[in-house]
Every structure is written in structure tokens, then in C-alpha cells.
Amino acid sequence: MTDPSTDCPVSTRYAPSPSGHLHVGGARTALFCWAFSRRHHGNFILRIEDTDQKRSSQKASLGFLEDLDWLGIDWDEGPEFAGSGGGDHGPYYQSQRLPIYDEHIMKLVEAGHAYWAFETPEQLDAARKQARAEGRAYRYDRAALELDPAEVRQRLDRGDHAVVRFKVPPGEVTFDDMVLGTTTFPDGEIDDFIIRKADGFPTYHLAVVVDDALMEVSHVLRAQEHLNNTARHVLLQRALGFGVPAHAHLPLIFNPDGSKMSKRDKDKALRAHVKTLGLGGPPAGTIDDDVFQNWLSDKRSQLEIEQADALARALDFELPEINVNDFRCSGYLPGVLCNFLALNGWSPGNDLEKFDNAFLAENFTLDRVQKTPAHFDRMKLLAFNLDAIQELTEDQFHTLLREHAAEYRPEFLQLMDQEQFRTFSESVHERSKTLDEPFRTNRFLVIPDEQVTWDFQSKPVKKALLNGDSPGISHLPALRLLLDSVDPFDSDTLEQVLKDYADQKFDGQLGKVAQPLRVAVSGGTVSPPIFHTLQILGRDSVLNRIDACINTAASLPST
RNA sequence: GGCCCCAUCGUCUAGCCCGGCCCAGGACGCCAGGUUUUCAUCCUGGAAACAGGGGUUCGAAUCCCCUUGGGGUCACCA
Numbered sequence: 001m002t003d004p005s006t007d008c009p010v011s012t013r014y015a016p017s018p019s020g021h022l023h024v025g026g027a028r029t030a031l032f033c034w035a036f037s038r039r040h041h042g043n044f045i046l047r048i049e050d051t052d053q054k055r056s057s058q059k060a061s062l063g064f065l066e067d068l069d070w071l072g073i074d075w076d077e078g079p080e081f082a083g084s085g086g087g088d089h090g091p092y093y094q095s096q097r098l099p100i101y102d103e104h105i106m107k108l109v110e111a112g113h114a115y116w117a118f119e120t121p122e123q124l125d126a127a128r129k130q131a132r133a134e135g136r137a138y139r140y141d142r143a144a145l146e147l148d149p150a151e152v153r154q155r156l157d158r159g160d161h162a163v164v165r166f167k168v169p170p171g172e173v174t175f176d177d178m179v180l181g182t183t184t185f186p187d188g189e190i191d192d193f194i195i196r197k198a199d200g201f202p203t204y205h206l207a208v209v210v211d212d213a214l215m216e217v218s219h220v221l222r223a224q225e226h227l228n229n230t231a232r233h234v235l236l237q238r239a240l241g242f243g244v245p246a247h248a249h250l251p252l253i254f255n256p257d258g259s260k261m262s263k264r265d266k267d268k269a270l271r272a273h274v275k276t277l278g279l280g281g282p283p284a285g286t287i288d289d290d291v292f293q294n295w296l297s298d299k300r301s302q303l304e305i306e307q308a309d310a311l312a313r314a315l316d317f318e319l320p321e322i323n324v325n326d327f328r329c330s331g332y333l334p335g336v337l338c339n340f341l342a343l344n345g346w347s348p349g350n351d352l353e354k355f356d357n358a359f360l361a362e363n364f365t366l367d368r369v370q371k372t373p374a375h376f377d378r379m380k381l382l383a384f385n386l387d388a389i390q391e392l393t394e395d396q397f398h399t400l401l402r403e404h405a406a407e408y409r410p411e412f413l414q415l416m417d418q419e420q421f422r423t424f425s426e427s428v429h430e431r432s433k434t435l436d437e438p439f440r441t442n443r444f445l446v447i448p449d450e451q452v453t454w455d456f457q458s459k460p461v462k463k464a465l466l467n468g469d470s471p472g473i474s475h476l477p478a479l480r481l482l483l484d485s486v487d488p489f490d491s492d493t494l495e496q497v498l499k500d501y502a503d504q505k506f507d508g509q510l511g512k513v514a515q516p517l518r519v520a521v522s523g524g525t526v527s528p529p530i531f532h533t534l535q536i537l538g539r540d541s542v543l544n545r546i547d548a549c550i551n552t553a554a555s556l557p558s559t
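Numbering (this note's numbering), first residue to last: 1 to 559.
A portion of the hints provided could be inaccurate.
[To be verified] Distance condition first, Cα-Cα at most 27 Å in a straight line; then the derived DSS-like pairs of lysine-lysine:
| no. | residue 1 | residue 2 |
| --- | --- | --- |
| 1 | K197 | K107 |
| 2 | K512 | K499 |
| 3 | K380 | K459 |
| 4 | K433 | K268 |
| 5 | K54 | K268 |
| 6 | K463 | K505 |
| 7 | K263 | K275 |
| 8 | K275 | K54 |
| 9 | K268 | K299 |
In case anyone wonders, no lab produced these hints; they're calculated from the structure.
Full structure from sequences and hints, please.
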């Protein structure tokens, strides 16, 4: 099908650089590109922009293929992965297309649209600094344009440091944007930018323009930070005799505080947390002391992802989620993340907020894309995730929870049998906001009995065990006796027995029984419903823990 | 600083293009009650915005201009 406004087949592309994982902002762009192409029954291309030799790595690029797949975003052309990819416009890694770019670059040089230049980065840096000191915007002075052709040839033969610059034609540049409308850049605003680096690789500008044309991209959807670049691209497209694709610049996604979301946020958060704790050295088994000290002393340094993860885990600190994979680890559902991402910058109207990718593929339009940046609100995302999880059936939730455990919380699968895990799943479902939350908040279920500890100083523990006329602790021996003889040891029977006890001793106030037991077996005041908790732990553990709790309380200095 | 873009509750947004139905609707969050064996849910109610100033018009959140504010960009990164 065709886009009615341009009457040509729709083809979009998402073109990330493979530096790092897929960021939520990138994911949103990919989602919109995907949705737009699906809406018009068009083509969606994934292209890897790895023209920066310093930053690109094969490993990182594979990571976001998986992220896209997890989100449910498939691509018709590009690297082959999980059934997506292939296509006739390859290769889809720019680093494998160097001859193609050179061909076009030389065409431009021959036509007088581009020229060789020999300034070193250092020289340009100095010129830039001077321009700034004089309070004006730096523009390349076109010195190389004056060079004698014979000298150019000689210096090229000699192997001098050489780049190719595009000779920007005079006049203003105007282009249309399907989100923002018409934009005009005045004459002289754009200087002769580099299109071929000294290492022979094309710059982003050249590669994008050539590939978009050769891959027959009809609509370029990308983040608003590219708006200025588009003027350059339009100029290149004209010089190369290409058509100008339709453009749509998408609003940026920010942190709640208005700062730009970046991978550095994790490091920042961790650093702040470590400082609050006043930590003098790294927890044992995490990272080397000198790595830790270097990191702490140099604000600009960053830990490797693995190091940061290890440290955060040891400190029981949750790093802020930035990448798609972070949200996956934290137990968000892919459909919810897509839904929420789409809502940052787009809405279907009619107060409709909850929808899936299929809905997007059917209803996404650029005229409903927001012009203003969105602040990423994790609280709302969490609320959406809760809603989605509550809508799952017991079986669906159980399956997802198992999968999550297998991937991220294997100890729960090792220490619980099928039936225990099933009970666990059923009892945590209604209180789970994420797939990870049950594991985080119920570690007591998988620790050895002797590792349970009680903080008798804490208010809620005191309230449950020590306070009142008939303190909880005084009932534990009797309850222990009851539990020892309950048969079968399952939640229904336990409920019956414990309710009877509450009826007799506390006039039916179940809390008076449940809370002391909860504290005794978990060490804390939070757990799934008490009858399920007891069943999951099993009789032996429950009795062990109650005994230990009684003994520990007995050894307390009397007050 | 130059250039470009933008402007509705704290946040995401509906309404804006095609002025009146808007003393501006929804969602998350917040506040106050209620349900609940803890936690989390859940239920009820509430506070909360058209950045400011000029126009145009019978009438402006909606159209125009200015101011202010925010953002982006000024790389041999993408």
C-alpha cells in the first residue's frame, strides 16, 4: 500500500549505532518506525550505523536485535535474527558498504560538489576555540577550496591526512516535516561539513543519505535532535540527484528532572547511593578495592556495567532502568513497555491509553505525534505493568514468573519444587507490580532456616511479638504445637486451624495470630498471605524458624 | 552565544489544524476517607493546568504578533 500523502510505497528504517544496548528512546523511535510502516503495509528496515571504528562492537549490536525482538518489533530487511531480516538492499552494516560510499563521494568531488581538505583535527580544534573566544559561531573557512589541484594530488599521493568536505551551495535550506511543519535554515548557517573521514569511512551524513536512497527509504522517522542534520542531508540529496524522503522528527524522552536520559544515570545513581552509605570499600566479592577507590575519587569515571551490577546487587540497590534490557530484568512486560513508550510522544485520542502493538500497527499516524519532549514517568509505567499483570490468568502469570525466575532468579527454582513454586505464584500474583518483585521481596523463602534473623528493635517487629497484654511471642509455643500436628500441612487446613485459634484467643482477630507467625518465619513483617507462606516453607522450616525465634527472644536482655 | 524547534494539571496527555458544546476531560502521582491477617491491591471523594502581554473576533486553550521559559544543535559521534 502507499502513503496517500506522497503516493509512493512506504518504507521506513531504524538505524542505530551499535554503541551500547537499546535505549528506551531508541526503542520508541524503532517502535514508531515499525508502526508507521505496518500501518501503511510498507517495509521496515533495520540498518546498523557502525561507521565509527572506535565505538562499534559486534557484541553490542547483537544485544539490541534481541531487545527489539523481545519488544515484538520485527523487521523486513536487515541483519537476520529470530526470523527477521534479510532483504535485497544489503549489506545492512554500513562498515560493509565502504566502496558504495566512496563511489558517491568521488562523484561529488568530480562534479565539484565536494573537495579534499587537509587540516588536522588539532588545527580545527584551535580554530573552533578561537571562534568561541571571539563569541561567534565557528564555520569552516573553506581554505582548502583555494588549494591548487596539483598540490591536492601531490598531498593525496603523499598520503597526507585528508578528508572530503561537502561544498554547501549558497542559499537558505527549507524542508517539510510531518510533525513539525516547515523549517528553514538561513543562508550561511551550514558550513562545509566533512563527508569522508581521514580513515576512509564516510561520516554519518553521507552514509545516511546514500543508504536511505539506495534502500529506497520513503519516510525518515528519527529523534528531534537530528533536525539540524536534516538540512545537511537535503543538500546532499540534491547534489547526488536523489529524491528527498519525507521526514518526521520525534520528540525526545527525558528523565523526570528534565535531564536527558543517558546510560550515565546508572553510574550517577549508584555513586550517590554509595556516598549516602558512606562506604569506605567495596563489599566482599564484588569489585577490586582499587577499582572502587578510583571510581569514587574520580567523578567522571564510570564502572563497567558488570561492575556496577555486582556492586548494586551487593548493596541491594536498584539501578535506574535505562535500557530496554534493564526493564526486562526488572520484570516489565514487553507489551506494557511498548504501550507506555508509545504514549510518550503519541496518543490515539479519545482518552484511550491502554493498547497493544497490533493496535499501533493499525492506528499509528504521524499527525498525532507530540512536538514537545516527554518526561519518562516510571511510576506510571509501573502502574501500567501492575494492571497488565493483574489481567493475566493464573496460568499465564505462572508461566511468565517461571521464565523470569529461570533467567534472573534461578535460586527460587532450585529451592522450590513445582508445587511450591505454583503456590508461590498464586499467592504473589495479586500483589506483584513486576515479574521480579516477588523474588526481591520474598528472599526469606529461599534462605536456610538458620539465616533468618529478627530485629527486635524495630517497631513493627516489637508490635507483632513483644507489645501488648498478650504479646505475640507468648503464643508462639502454642502455635508451634498446633502447627506440628496440622495435617495435611496446606493452606486450607492451616487457615482453618489458625482461625480457630484466633477465634478462641483473640475474638477472631486473625492479625494477632498471623503477624507474630509472619515475623517468626520470615524475619520481617511482609510476606504473602500467611497460610500460603507457611505451606511454601513447609512444616520443618516453619517449626525450625519458630523455635529459633523463641530462643532468640528468650536470650534478649529483659526490659 | 548563533541558528532551529517547542509551550494545557507535578508527569503523560485529550481538546488546537476546521474558533463557541471547555469556569478545560482522562491517566499516573498526590491528599482525605473506607475495605483488607502484613505488604500490595481494591473502592469513594478531593486539590491540581490553558506561561505572560497584546491583537483579530459577537466569542480564543484554539488564529496572529511580542515577551518569557524550555529544549535541540553547532564533531573526522551517530
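Can you give the numbers of the hints that this structure goes against, from lowest to highest? Hints 3, 8 contradicted; others consistent.
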